[in-house]
Amino acid sequence: MTSARVIRFLLGLAAPVLALVAAFAITSLVLVAAGDPAGDVWSTILSWPEERNLANIIKNATVLYLSGLAVAFGFRMNLFNIGVDGQYRVAAFTAAVVAGEAWLPGYLNTAFAIVCAMAVGAMWAGIAGVLRATRGVSEVISTIMLNAIATGLVAYLLRKVAVREAGSNDIGTKEIPEGSRIPNISIGDGPTSEIYGFIVIAALAGFLFWFVLNKTRFGFDLRATGQSTTAAVASGISVKKMTVIAMLISGGVAGLVGLPILFGDSYAYGSTFQSGLGFAGIAIALLGRNNPIGIAVGALLFAFLDEQSNPLQILVGVSPDIVAITQGVIVLTVVVSYELVRRYGIRLEQREVARALADHPAEHPADDREVSA
Amino acid sequence: MSSPAPSLETPPSGDAPPAVRLRGIGKRFPGVIANDDVNIDVSRGTIHAIVGENGAGKSTLMKILYGVQPPDSGTIEINGAQVALHSPADAIKAGVGMVFQHFMLADNLTVLENTVLGAERLHGIGGGARAQIRRISEQYGLDIDPDRLVEDLGVGARQRVEILKVLYRGAQIVILDEPTAVLVPHEVDELFGNLRELKAEGLCVIFISHKLDEVLSVADEITVIRRGTTVATVDPQGVSARDLAELMVGSELPSPSTETSTVTDHVLLSVQHLGLPVPTGRALLDDITFDIHRGEVLGIAGVEGNGQAELVEAIMGMRPGTTGTISLDGRDITHESTRERREGGVGYIPEDRHRHGLLLDSPLWENRVLGHQGRPPSSRHGLIDKRAARADTERIIAEYDVRTPGPDVLARALSGGNQQKLIVGREMSSEPVLLIAAHPTRGVDVGAQAAIWTHIKNARREGLAVLLISADLDELIGLSDRIEVILRGRMVGTFDPASVTPQQLGSAMTGAGPEA
Numbered sequence: 015m016t017s018a019r020v021i022r023f024l025l026g027l028a029a030p031v032l033a034l035v036a037a038f039a040i041t042s043l044v045l046v047a048a049g050d051p052a053g054d055v056w057s058t059i060l061s062w063p064e065e066r067n068l069a070n071i072i073k074n075a076t077v078l079y080l081s082g083l084a085v086a087f088g089f090r091m092n093l094f095n096i097g098v099d100g101q102y103r104v105a106a107f108t109a110a111v112v113a114g115e116a117w118l119p120g121y122l123n124t125a126f127a128i129v130c131a132m133a134v135g136a137m138w139a140g141i142a143g144v145l146r147a148t149r150g151v152s153e154v155i156s157t158i159m160l161n162a163i164a165t166g167l168v169a170y171l172l173r174k175v176a177v178r179e180a181g182s183n184d185i186g187t188k189e190i191p192e193g194s195r196i197p198n199i200s201i202g203d204g205p206t207s208e209i210y211g212f213i214v215i216a217a218l219a220g221f222l223f224w225f226v227l228n229k230t231r232f233g234f235d236l237r238a239t240g241q242s243t244t245a246a247v248a249s250g251i252s253v254k255k256m257t258v259i260a261m262l263i264s265g266g267v268a269g270l271v272g273l274p275i276l277f278g279d280s281y282a283y284g285s286t287f288q289s290g291l292g293f294a295g296i297a298i299a300l301l302g303r304n305n306p307i308g309i310a311v312g313a314l315l316f317a318f319l320d321e322q323s324n325p326l327q328i329l330v331g332v333s334p335d336i337v338a339i340t341q342g343v344i345v346l347t348v349v350v351s352y353e354l355v356r357r358y359g360i361r362l363e364q365r366e367v368a369r370a371l372a373d374h375p376a377e378h379p380a381d382d383r384e385v386s387a
Numbered sequence: 052m053s054s055p056a057p058s059l060e061t062p063p064s065g066d067a068p069p070a071v072r073l074r075g076i077g078k079r080f081p082g083v084i085a086n087d088d089v090n091i092d093v094s095r096g097t098i099h100a101i102v103g104e105n106g107a108g109k110s111t112l113m114k115i116l117y118g119v120q121p122p123d124s125g126t127i128e129i130n131g132a133q134v135a136l137h138s139p140a141d142a143i144k145a146g147v148g149m150v151f152q153h154f155m156l157a158d159n160l161t162v163l164e165n166t167v168l169g170a171e172r173l174h175g176i177g178g179g180a181r182a183q184i185r186r187i188s189e190q191y192g193l194d195i196d197p198d199r200l201v202e203d204l205g206v207g208a209r210q211r212v213e214i215l216k217v218l219y220r221g222a223q224i225v226i227l228d229e230p231t232a233v234l235v236p237h238e239v240d241e242l243f244g245n246l247r248e249l250k251a252e253g254l255c256v257i258f259i260s261h262k263l264d265e266v267l268s269v270a271d272e273i274t275v276i277r278r279g280t281t282v283a284t285v286d287p288q289g290v291s292a293r294d295l296a297e298l299m300v301g302s303e304l305p306s307p308s309t310e311t312s313t314v315t316d317h318v319l320l321s322v323q324h325l326g327l328p329v330p331t332g333r334a335l336l337d338d339i340t341f342d343i344h345r346g347e348v349l350g351i352a353g354v355e356g357n358g359q360a361e362l363v364e365a366i367m368g369m370r371p372g373t374t375g376t377i378s379l380d381g382r383d384i385t386h387e388s389t390r391e392r393r394e395g396g397v398g399y400i401p402e403d404r405h406r407h408g409l410l411l412d413s414p415l416w417e418n419r420v421l422g423h424q425g426r427p428p429s430s431r432h433g434l435i436d437k438r439a440a441r442a443d444t445e446r447i448i449a450e451y452d453v454r455t456p457g458p459d460v461l462a463r464a465l466s467g468g469n470q471q472k473l474i475v476g477r478e479m480s481s482e483p484v485l486l487i488a489a490h491p492t493r494g495v496d497v498g499a500q501a502a503i504w505t506h507i508k509n510a511r512r513e514g515l516a517v518l519l520i521s522a523d524l525d526e527l528i529g530l531s532d533r534i535e536v537i538l539r540g541r542m543v544g545t546f547d548p549a550s551v552t553p554q555q556l557g558s559a560m561t562g563a564g565p566e567a
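Line order of the protein sequences matches chains A and B.
Counting with this note's numbering, you get residues 15 to 387 for the letters of the first sequence.
Counting with this note's numbering, you get residues 52 to 567 for the letters of the second sequence.
Rather than coming from a laboratory, the hints here were simulated on the basis of the structure.
Accuracy of the hints is not assured; some may be wrong.
With the C-beta cut set under 10 Å, the calculated list includes, among others, these residues of chain A facing chain B [unchecked claim]:
1) G211
2) A248
3) G250
4) I251
5) I360
Here are the in silico distance ranges between beta carbons for each label pair [claimed, not checked]:
6) A:L218 <-> B:R463: 52 to 62 Å
7) A:A162 <-> B:V206: 31 to 41 Å
8) B:S388 <-> A:R357: 58 to 68 Å
9) B:E355 <-> A:V151: 48 to 58 Å
10) A:T244 <-> B:Q323: 25 to 35 Å
11) A:T244 <-> B:P427: 21 to 31 Å
12) B:R463 <-> A:D54: 22 to 32 Å
Beta carbons: idealized from backbone N, C-alpha and C, even for Gly.
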């Protein structure tokens, strides 16, 4: 069995590698077709980042990781939570307001704001869950709608609570008091080499994700429902209940997405707060195969591509948007290559079963071929 | 082994080449040899039956002849010319048509519309097609009105529409895959009349079945397939059903047959006035009442689609909107969830193991956990106990003879029979008091079938109540202590399997009235 395990591990690795190679090849074709120097572009992107860039990559990856986890949780139950984008913005706004008001002192304030953010994210996703469970509304549609509503709702509420930042047209929530901010962790010299302290919470979330899904009965029910609703029902799982709970958890994790930025960087939710993180999460969850380690690798890769593409315009005169093409193509190639590898794996396993059974011919009656001979 | 003299030579039919000649056909799937060195000759103007147990390779062979799957080896000749069939379209062009066991008709369209669908170029979609359908219907005595809606037709008539569709496309060779499985006895007789008409018109019919009496009554020649290969071609005049059966299964002939009764008067499952109303039509289940006692097997007979699936799902708590009461060992479980019922001692072998019984892409040990998540050895304190679940899976693999290299193999990689043995083992593992077995031997090989029968008999001996639903009347008669017939959602008759004949059951199943 050990060799079979090695093969399975290698197969698991083969899929993303295949996808990445294909995505890089397609991006190169685009570059060549547009008359851009593909070689220079890749040598810029694939150079080892400086300490400052490395810190940025890890910071971005922390945020993307949480987004990927949120999406992956839904994916494991075959729920397409497209609404992480809206959920994290509603949640981050809530956390910013709560933490800005500072009803509680110090880190109690932080903890309370985080809980509020998760609760609001969960509620926002829960709307889609309840609609799906009770009315059969596709969560894809409802979460997309909820994204649009979230944008409007946050913009509207922001105006109500906002304070105008001095010397700027931007508006934002009250700044979080210093005692409630989450300190950054230094990986080198100076303030440009710091990463979010929130990374600890992100890692914890990743561990819990793995533990809940793979070790608990609840996680088993969730995965079983994702694999086969019919088998889940027959085994006694209430699919409706699981749908709502899975959406609540997915939304709760989504509620964490904006918080590293809020508590480690911006300290307020303003009209310029980063958006679009939820959509990147979909791609990262796919790339990472809904597995917490895989998602971490995917998040790092996406953050790496984003960061390394910044100097493209200056150095080789190519728009950094080229990596958006790469990232988009990765999503497509990942889906294709996983399916290819999955089929190959099944064939391999069936052959292994056949071989193992052929080793025990004594179990078959020996009278097989007499008549046909 | 005693067997009638097998003759693989071409039957005497003058110098005309046979309509179909298969030579050395082989087909392997991963883990299974579906066909191996199959040789068959079918002459024009004959009905040629191909018999074999479930899983013997009949269906694969016919899919090869109909171009659905390419053979790995061997040759196909049609009317003396070698052909390569890459798709059903090729087969139709070569004059081969197939009627599948499950009808492929759109209920809300007319016969005409169903017939021309995909063959619009032959005679158009209007008057020309209608005239052609009338002509075919008359020529072969099919008695089909092109303008009737398919949903208004009975099962027998739908099957004739399928045959008509094939003839409309110009087939000279008609393959029928288990055509009698969905029919009741008098419909079978009608079908055979139609087949004789086709034969009289010079067509050739290939008839797949595992029902030996039918085969003996209609076929001109019979080819027996066992474990993927042709073991003999015989003349029905010279063989008995028993001879054929021995050819089909080899020397041993498993039969269900129960031993002495173990029925007690302790009621384990009591179903009272169970109903499943439908707001806009006939109820799917209507006032169903029965008891099953300790050590009793209750068989439910019925033509498929008469409420068997709904009955099982109602007892399992998977159907909302049921009326009436269900109690298990004296405890009212009417309002319990599926999980509570399972944990209360209901074992469930579902009708469709791929949809309801297994997580195909999960390892066997996770499939052992499925449906038993809440109890040891599957889980403890809300956590899945992988070590214990694996160990128990190993036990099931050994005790129930599941052929697999180990408990970490994905369920998908196993053959149907081994998947089913795993399910039976799993459901027997947590000391159930009631076992619901829906078509437990459907689509499994002979060996697994015999093993599953043994397990059901053991369950009965150990004092379980067993609810057995099956389309195989012999299985029902052989295993049950009592048989109830279900028709249009109602119980319409109780029979003693010791004295009932398949014909009596058949007429009750169609509503011809239970004969004493």
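Here's how the hints hold up against the structure:
{"no.": "1", "hint": "G211", "in the structure": "violated, 31 Å"}
{"no.": "2", "hint": "A248", "in the structure": "holds, 4 Å"}
{"no.": "3", "hint": "G250", "in the structure": "holds, 3 Å"}
{"no.": "4", "hint": "I251", "in the structure": "holds, 7 Å"}
{"no.": "5", "hint": "I360", "in the structure": "holds, 6 Å"}
{"no.": "6", "hint": "A:L218 <-> B:R463: 52 to 62 Å", "in the structure": "violated, 35 Å"}
{"no.": "7", "hint": "A:A162 <-> B:V206: 31 to 41 Å", "in the structure": "violated, 51 Å"}
{"no.": "8", "hint": "B:S388 <-> A:R357: 58 to 68 Å", "in the structure": "violated, 37 Å"}
{"no.": "9", "hint": "B:E355 <-> A:V151: 48 to 58 Å", "in the structure": "violated, 34 Å"}
{"no.": "10", "hint": "A:T244 <-> B:Q323: 25 to 35 Å", "in the structure": "holds, 28 Å"}
{"no.": "11", "hint": "A:T244 <-> B:P427: 21 to 31 Å", "in the structure": "holds, 26 Å"}
{"no.": "12", "hint": "B:R463 <-> A:D54: 22 to 32 Å", "in the structure": "violated, 47 Å"}
Consistency note: the structure conflicts with the earlier hints numbered 1, 6, 7, 8, 9 and 12.
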